[in-house]
Amino acid sequence: MQGIDKHFPGVHALKSVGFELRAGEVHALMGENGAGKSTLMKILSGVYRPDGGRILIDGAEVQIADPRASQALGIGIIHQELALMRDLTAAQNIWIGREPRLSLGRIDEARQNADTAAIFARMNLRLDPRTPVASLSIARQQMIEIAKALSYRPRVLIMDEPTAALNDAEIAELFSIIRQLRDEGVGIIYISHKMDEIKRISDRITVMRDGAHVATVDAATTAIGSIIAMMVGREIGDEQVVVPDLAQAPVALEVRGLTRGTELRDISFSLKKGEILGFAGLMGAGRTELARAIFGAEPADGGEILIHGRPARIRSPHDAVRAGIGYLSEDRKHYGLALGMDVRANIAMASLARFTDRLGRLDEPGLRKVARDHIARLRIRTPGDRQEVRFLSGGNQQKVVIAKWLLRDCDILIFDEPTRGIDVGAKAEIYHLLTDLAAAGKAIIVISSEMPEVLRLSHRIAVMCEGRLTGILPAASSQQAIMELATERQGGTA
Amino acid sequence: QDKMYVALISKGFQHQFWQAVKQGADKAGADLGVDVSFDGPDNETQVDKQMDMLAAALAKKPSAIGLAALDSQALIPQLKQAQAAKIPVIAFDSGVEGDIPVATASTDNLAASALAADKMAEFLGGEGKIAVVGHSQTSTTGIDRRDGFLNEIKEKYPKIEVIATEYGDGDQLKSTEITKAILAANPDIKGIFGTNEGSAIGVLNGVREMGAKIVVIGFDSGRAQKDAIRDGSMAGAITQNPVGIGYETVKAAVAAAKGEAVPKQIDTGFYWYDKSNIDDPKIAAVLYD
Amino acid sequence: MTDIGIERQEARRSGSAQQKLLAFASLIVLVAGFSLASPRFFQIDNILSILQATSVNGVLAVGVTMIIITGGIDLSIGTMMTFTAVMTGVVLTWGGMPLPLGILAAIGTGAACGLISGTLVAKARIPPFIATLGMMLVLKGLSLIVTGTKPIYFNGTEGYTLISQGSVIGRMLPAFPVPNGVLILFAVAGLVAWILGRTVLGRYTFALGSNEEAVRLSGVNTDRWKMAIYALAGGICGIAGLLISSRLNSAQPALGLGYELEAIAAVVIGGTSLSGGRGTILGTLIGALIMSVLTNGLRVLSVAPEWQTVVTGVIIIVAVYADQLRRRGSH
Amino acid sequence: MTDIGIERQEARRSGSAQQKLLAFASLIVLVAGFSLASPRFFQIDNILSILQATSVNGVLAVGVTMIIITGGIDLSIGTMMTFTAVMTGVVLTWGGMPLPLGILAAIGTGAACGLISGTLVAKARIPPFIATLGMMLVLKGLSLIVTGTKPIYFNGTEGYTLISQGSVIGRMLPAFPVPNGVLILFAVAGLVAWILGRTVLGRYTFALGSNEEAVRLSGVNTDRWKMAIYALAGGICGIAGLLISSRLNSAQPALGLGYELEAIAAVVIGGTSLSGGRGTILGTLIGALIMSVLTNGLRVLSVAPEWQTVVTGVIIIVAVYADQLRRRGSH
Ligand SMILES: Nc1ncnc2c1ncn2[C@@H]1O[C@H](COP(=O)(O)OP(=O)(O)OP(=O)(O)O)[C@@H](O)[C@H]1O
Ligand SMILES: Nc1ncnc2c1ncn2[C@@H]1O[C@H](COP(=O)(O)OP(=O)(O)OP(=O)(O)O)[C@@H](O)[C@H]1O
Ligand SMILES: [Mg+2]
Ligand SMILES: [Mg+2]
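If you read the sequences in order, they're chains Z, F, E and C.
First residue of the first sequence? That's 1 in our numbering, and the numbers climb one at a time after it.
First residue of the second sequence? That's 1 in our numbering, and the numbers climb one at a time after it.
First residue of the third sequence? That's 1 in our numbering, and the numbers climb one at a time after it.
First residue of the fourth sequence? That's 1 in our numbering, and the numbers climb one at a time after it.
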């Protein structure tokens, strides 16, 4: 790709960017949120047409007018935002447009399911190909997207933050597949904000900043620190978690025997004011379910929730928020944002009551002010607070959801994968923010599939497996100890 | 032991006219000691709905059926079924082709609206532009009333020009808007004929809203038309005898079910009424509110 | 509905103010066309008739715009309008109450019916299409039952027809006697535009249509707001009921079916999306005006009724297509 | 990695088959209720007339189910049905052609009209509501224009009424003379169910309704498939046109308006979501049956027509509510 240029209204997203991918290499593309990574890849995959520049494959210039043209050239992509048909099954999603056919336009479902099962087996994913996608967690949906891209057997494979929702075990699985593909000569473009991954998997690294190409370097010979410096233009300190003394702190949230079907089994724990409780576990361990149950999104069948020592009846998110609980969902697109509305409206969504007078009028100047404050505080990259959220880059959308809950100012905050898709710099800032919030007396639960994140933030670490709370560990625990609890099955079989 | 039961299938039930028919039928039912049911589709296009109603009526095994057919040809197979089951059929409001109905109680709509045309010509002195606001382009009554009126004008009054024929589905508001558009397009218009109650009142409203001074002739009755005729904003109207239609239909049905002879044609008549005769007992008896 | 590949729509926002003006263009073209085709069209009287003809449909359309923005639909507005008119008749003519109580009866009945629909949708989770279809049938039947299928006339109520047909403006500006019905339409439109643009209720209306689950998970009592929106739309139906019964000086129990389709068509022509989250009252007004200009113009030109239908169908498609082209062209 | 996920999904899937059976329950309750209320209801003749009454609406509903699953809507099906009947009349009665050509005319006309709607939706990007509203008006007008507003009778075509009213089964099983129209309904339903469940076209129908953008990003020519679906639905409208004209032995040009609402209602009562991506033909059939059992039953009970409307409205809401409760209960 040479001299690629792209404008959006109010944004010069790509400024004459050049990019080169060799066959059989893993090329990492890095940059802050909103740097233009996804846009560049969407141009390569035919979603957007560039305003200027050329694309060459094997030395010959090609025109990529639409996704089909890109596919025909052997380019496969895993989009940052999941693009799945929720009412269809996993297998149907993977083979859409390329269904194995029988006579009369019939689909060979058996073969389709078998092929899917084969891909899943290769990915070590235990999932029935006939499962409807709508019933899968974000992580599994992500796995479906990966399976779909693999099924194309592309020459060039673009992966835009494929691991944002995955945990270590799955990432390891994915990496072995990537290496295998690379050895087969596939060129892979890999976008991620997880620095350790970049070092582990990539051969070369291209860094972008503000829509421009900064540098392309060799992965093996470049230090992470200098890559980060190229990305953000400044140094980021690495801090260790400091566990405050909470012996005297009152309990903010207590959960007793929370149960729902087979998803949540008799879960009890308590959370103190000023404490950050991390939740670790494998995909499908039930952490999200637990959060949703506490928040009243899908109320539990049994058990008790006490807030500041008093039993609370939480049958809906409305009850929860009134009781001072906030919940940031792992699925920002479906559960976090009104994509068609602007940044200001989204940030204010949970706090409108505060900005309403007796006639029901909204205090727009007030809303504008808080929206702009949060845009500045979280460095949300947007042309303005009236930009529709769907036009923001993935990481910036995530920041908008965080801003929504910061503005609401809840006593108890449950953050489910809060840094999904957020760049290193911003991540450090958010960690800071959470620590500050805790220091200011908030009680915080952080659910994360990123072990370093859990270790970096948590004052205590709760581990779940198969809907049970298998243990709560102190801050300085080893990953080994966590993994043991995360795989501790009932009856001891692993 | 069984009380006799007569099923009436009409062309509608929501309009005043049909309610008056029903009233007559109910009265006959009470007088003669028989059960009467009355059903009809929402509007006069729904031929197949009427078919389903007839089927449901047949399932109830009535002593006789009264039918105001939306399309008599289309209903023939079912009427044959009735015939085979020895259920006599009385046609009302409009006729049914063939010899299946043992009697027909109806108004001659062609003649009735020809009378309206004569009256219109009389008020206009035999010349001028006029328009028709019809209630349906496709139903038999709609077509008959339009054509009866237009043909009479064409044949007898060469100096009268009909400049527009529009259809408002018998919806008052729609007919009002139509009238206003006609008046706007033709400021020199002298008269408008509305072919049923809803159309006539719509015309009246339109004329009133535009502040026009023209001859309005209506059809059927109802409170608003009667008031308008009394205060002079409507020149007059044709009325049928809906109560009589209902009454005679049930009467004939009962007679036929008992195997008695019934007259083949029962003409329930139509009348012109205006300010001068509206309170005449004979007229007042066939008007409804 | 991913946010990938939305290049097509990316200019929407910046273009949106401009877009409204451009939707207006379709209307202008129609008016200009009819004016050229017939000298009778662009006459003050005829223009006033068109405005008057827009009033009932316009008010209904404004009300249902709110519901459509939430991603719902209301099929009952036509028969609900009739039912509110009937209840006004019951209060005024049968009950002999003073006019303000009649007005209250119309708006109150509408709001109550709307609240029922809203409850069915929000609490019982019945799809809006079914809940309001059921409501439409129920109200249609009830109007006939309450009145005994006979119209109720408002002859006993002094000045009832003035609600829609009088002209406050005409008293001041005799040359331009805009009927009160039109003023009421603009007042209702202004009020709803204000609610949508400036109040919490409006904000939630858009938010519900945009992503209801996300709003619920923000701790908003979505059920309650949704019920409020349906109730408000019902109240507005009540105003339409007042307008139509004032024009007809009677409550006609058989009328109303089919009015919902016309109102929804006006809303969609005005650019509001049936999938929710997007819409403007100005657009709805323009949509309603396009419909009545079209109907009136074709009648003034004395086009045969069956051709009127054909031409209306074609022009509706063309107008929306033109709008579509402009949107695509505007980036 | 656990297999909890798998277990749970299996429970879900088996729940969905069960669910359809449960939707069936509403129908059973209705039939049982009416049978108890009147001995006349559960008679072979009456059951056959209910089935016959379902045939036209059922075929329309089956056709529009496909479109609704794509997330679209088709308001033109009622008038399209009429227009196809008219064209058959033109070919058979006016043109004196043999029956097969008439059948071809109906299906071909329907498919062509559907293709036009589909093109407007897919290529011109006109919202389905508007495209098919326009189509509805155009076809309504055209039917009147072509026929000169008078019905065309099929008296010249031997055996035309047998298409719907004859009984192939009756010849073999005289005790149970199921009319051909009903067989045709079941055949069409079977065909469409097969298409939806087994073929690529069916797959894209669901996929389009589920996430059109994602389908496009997968390199599928979404426009072409969408047009095919509208054309197919149009062809099915043509079959409905044959059925209704065969029942009436005539093409009635004014008929048709309002049939779309009834068909769409059947689809939604049958559990298909108006927002697309979800739906079954079996559900649509049950929905259509619920509607005609309701109508027939109330008539057999001699309920006054205005009360019929009220009761129908209430029962539709209750039936869907019961369905809703069951779904919520089932997990
Ligand atoms: N469709 C669009 N319309 C308007 N602006 C857009 C659009 N898509 C992207 N942008 C803008 O272009 C810039 C680059 O976005 P892009 O999605 O490429 O960022 P990114 O590098 O992938 O970020 P992230 O790490 O957060 O995913 C951002 O400022 C974004 O707001
Ligand atoms: N909305 C949903 N409906 C039905 N099943 C769901 C839903 N969301 C998740 N699941 C399933 O429930 C199980 C528990 O998932 P959950 O999301 O609670 O796990 P988790 O511990 O948060 O893990 P992760 O978020 O890392 O996947 C998984 O098998 C998942 O597929
Ligand atoms: Mg990105
Ligand atoms: Mg989770």
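Since the hints were made in silico from the structure, they are not lab data.
One or more of the hints may lead you astray.
Claimed, not checked - To spell it out: a stretch of chain E is covered by chain C in this simulated footprint if at least three of its residues, at any positions, have a beta carbon under 8 Å from a beta carbon of chain C; those stretches are:
| id | segment |
| --- | --- |
| 1 | 267-279 |
| 2 | 315-322 |
As the list claims (entries may be wrong) - DSBU-like, lysine-lysine: derived pairs with alpha carbons at most 30 Å apart:
| id | chain 1 | residue 1 | chain 2 | residue 2 |
| --- | --- | --- | --- | --- |
| 3 | C | Lys123 | F | Lys154 |
| 4 | F | Lys27 | F | Lys86 |
| 5 | F | Lys275 | E | Lys150 |
| 6 | F | Lys27 | F | Lys282 |
| 7 | C | Lys150 | F | Lys80 |
| 8 | F | Lys159 | F | Lys190 |
| 9 | C | Lys150 | F | Lys129 |
Here the structure is a predicted model, which is why all the values come from computation and not from measurement.
For each residue, glycine too, the CB sits at the ideal point set by N, CA and C.
- Task: Tell me, in ascending order, the numbers of any earlier hints that this structure violates.
- Result: Of the numbered hints given earlier, the structure breaks just one, which is hint 3.
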